[in-house]
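Each chain, letter by letter, is given below.
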Amino acid sequence: MTRRRSDARAGAAHGLRIARVLLSTQYATMLEYRAEIVLWALSGVLPLIMLGVWSGAEASGGPAATGGLSAQALGRYFLSAFVVRQFTIVWVIHSFEEDTLAGRLSPYLLQPLAPVWRYVSAHLAEQVTRLPFVLAMLALVFLIHPAVAWLPSPPRLLAALVAIPMAFALRFAIQWILTMLCFWTERAAALERLMYIPYLFLSGLVAPLEAYPEGVRAFALATPFPWMVHFPAQLLAGAEVPVGRGFAALLLWTLVLVPIGWSGWKLGMRRHSALGA
Amino acid sequence: MAMIRALGLGKTFRVADKQPGLAGTLRHFVQRRHRDVPAVRDVSFSVEPGEVVGFLGPNGAGKTTTLKMLTGLIHPSSGSVEVAGFRPQRRQVDFLRRITLVMGNKQQLIWDLPPLDSLRVNAAVYGIDDAEAQRRIRDLAEMLELGEELRRPVRKLSLGQRMKAELLAALLHRPSVLFLDEPTLGLDVNAQARVRSFLAEYNRRYGATLLLTSHYMADITALCPRVLLIHQGSLMHDGSLAELTNRLAPCREVRLELREPLPASTFAAYGTLEDLQGRAVRLLVRRERLTASVARLLAELPVVDLEVAEPPIEELIGQLFRREPAR
Chain C
1 MTRRRSDARA GAAHGLRIAR VLLSTQYATM LEYRAEIVLW ALSGVLPLIM
51 LGVWSGAEAS GGPAATGGLS AQALGRYFLS AFVVRQFTIV WVIHSFEEDT
101 LAGRLSPYLL QPLAPVWRYV SAHLAEQVTR LPFVLAMLAL VFLIHPAVAW
151 LPSPPRLLAA LVAIPMAFAL RFAIQWILTM LCFWTERAAA LERLMYIPYL
201 FLSGLVAPLE AYPEGVRAFA LATPFPWMVH FPAQLLAGAE VPVGRGFAAL
251 LLWTLVLVPI GWSGWKLGMR RHSALGA
Chain G
1001 MAMIRALGLG KTFRVADKQP GLAGTLRHFV QRRHRDVPAV RDVSFSVEPG
1051 EVVGFLGPNG AGKTTTLKML TGLIHPSSGS VEVAGFRPQR RQVDFLRRIT
1101 LVMGNKQQLI WDLPPLDSLR VNAAVYGIDD AEAQRRIRDL AEMLELGEEL
1151 RRPVRKLSLG QRMKAELLAA LLHRPSVLFL DEPTLGLDVN AQARVRSFLA
1201 EYNRRYGATL LLTSHYMADI TALCPRVLLI HQGSLMHDGS LAELTNRLAP
1251 CREVRLELRE PLPASTFAAY GTLEDLQGRA VRLLVRRERL TASVARLLAE
1301 LPVVDLEVAE PPIEELIGQL FRREPAR
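Protein chains in written order, with the numbering used here: chain C, 1 to 277; chain G, 1001 to 1327.
No wet-lab data here; the hints were simulated from the structure.
As the structure is a prediction and not an experimental result, all values here were calculated from the model.
C-beta atoms are modelled at their ideal positions from N, C-alpha and C, and glycine is treated no differently.
Not the full set, but computed from the structure, chain C residues with beta-carbon under 8 Å of chain G: (1) V21; (2) T25; (3) R270.
Make the full structure from the sequences, and use the hints.
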């Protein structure tokens, strides 16, 4: 019993050391590409564009045209969606596909660490690199448009700070399943583009779910998409939101999808032909 | 107990069979055709702990595919393989800690950062504590004659420096089985020699088992007392390089320079006349008769100069591959 406990402690310390070293190394790599990351972050301003579109609708048709959301609520929602989007962007399918085709996956496979952790750490390091840019963008918007400026209450902020990484984990799990198709097709990333369409419309990136007809909203809520953007964005914006249901949905979808991704990995490894290696 | 054991190992890849041109493309789009290509067929061998074995064969012979199966990167289609007592395709942690694969045309170092950063990651992944990692880096860097290069971004290193750093990264966890696929590819003569002497030293110091593929015969002759020759996926030779040379070239070439020209019939008693140009003669003499024939030539003919040439092994192997009919 004591030995098992000390083994577990040693295992945890080993895991923490790997995480620390991987994150710091990936962060150093990301800093080499900081200009590129800023450009990528700039390409994620869709919620801010949608804010302009919906503000126009609200100005001409009043809150009735925007599902009962006021101009201020819309502003806060889309700004929150922008923040959520910045910290839930997943590109593992592209780097995995590239690594597989170029034979870079082989060295990873020969080390006693599941390659997925390298990709997870690269994403987390990239998020840290994005952070100053996101803060600067928010400050700029608040400066230009002080009416939408707000500070979430500490409990809401805390809940959002938990929900955003959970949303990232769910999005990563979904894309990891598609990524595993790289073992069967050389252009699995094309499938991700297909997946982007339901993600765009059902997640709440182009419109808050409140603006959707009841049937569409009910359908969206039965998918994992709104929990990845709409739920954490509304948490951050301080809007009415089913907190318990949101966290349960994030957790359940992740628990369902992670084993599927893991099985895909196992099956893929059997098929792996070490392309280019 | 053997460190590496392959028994009836085979790998068949399914590849798309597409005709060239637009018609072929359209036909392939509508009706995909595939064919099975056997890359490795029924290969069996074993390697003892501490042995250094060269893996020879032309491009596409199945060397790299075999190495991938031995390291667990791909699953065999048939047969079985065991390395250090493990089945590689299960990729158990204890197995991965015992092996390494160095590929001359691939890199594991992080391109934009100095090699020391990649080494830090490897040390953490393999659970080597900081002090021990520092000690190993110092020792290996000394053996590889690496210094300041470890602090320079990988992209700024020369090919030779990068390869040495790759070796350091691949060996930091002190593996007992090394699979090396063209480790001197593209290196200049000095860098090749440095890598060769490093591998020999590593083998001597740690008793590691090495299985090495290389197109540079100098790597094989310098490092490998034993060679495996693979061609079209099948093992054609398993033994020493000298045995291989004897098998491929049963004769030696004896070049003579005579004081005066002699008729061709003179040489029939010594070997097979290959060429006669005035005073210059080329004879082929069977290995087992070489000493006796040379002694007689010197004693009986007016010889000014005599040279015995061994045909280059690359040439012999090349001839063998050309002779073998495609299957």
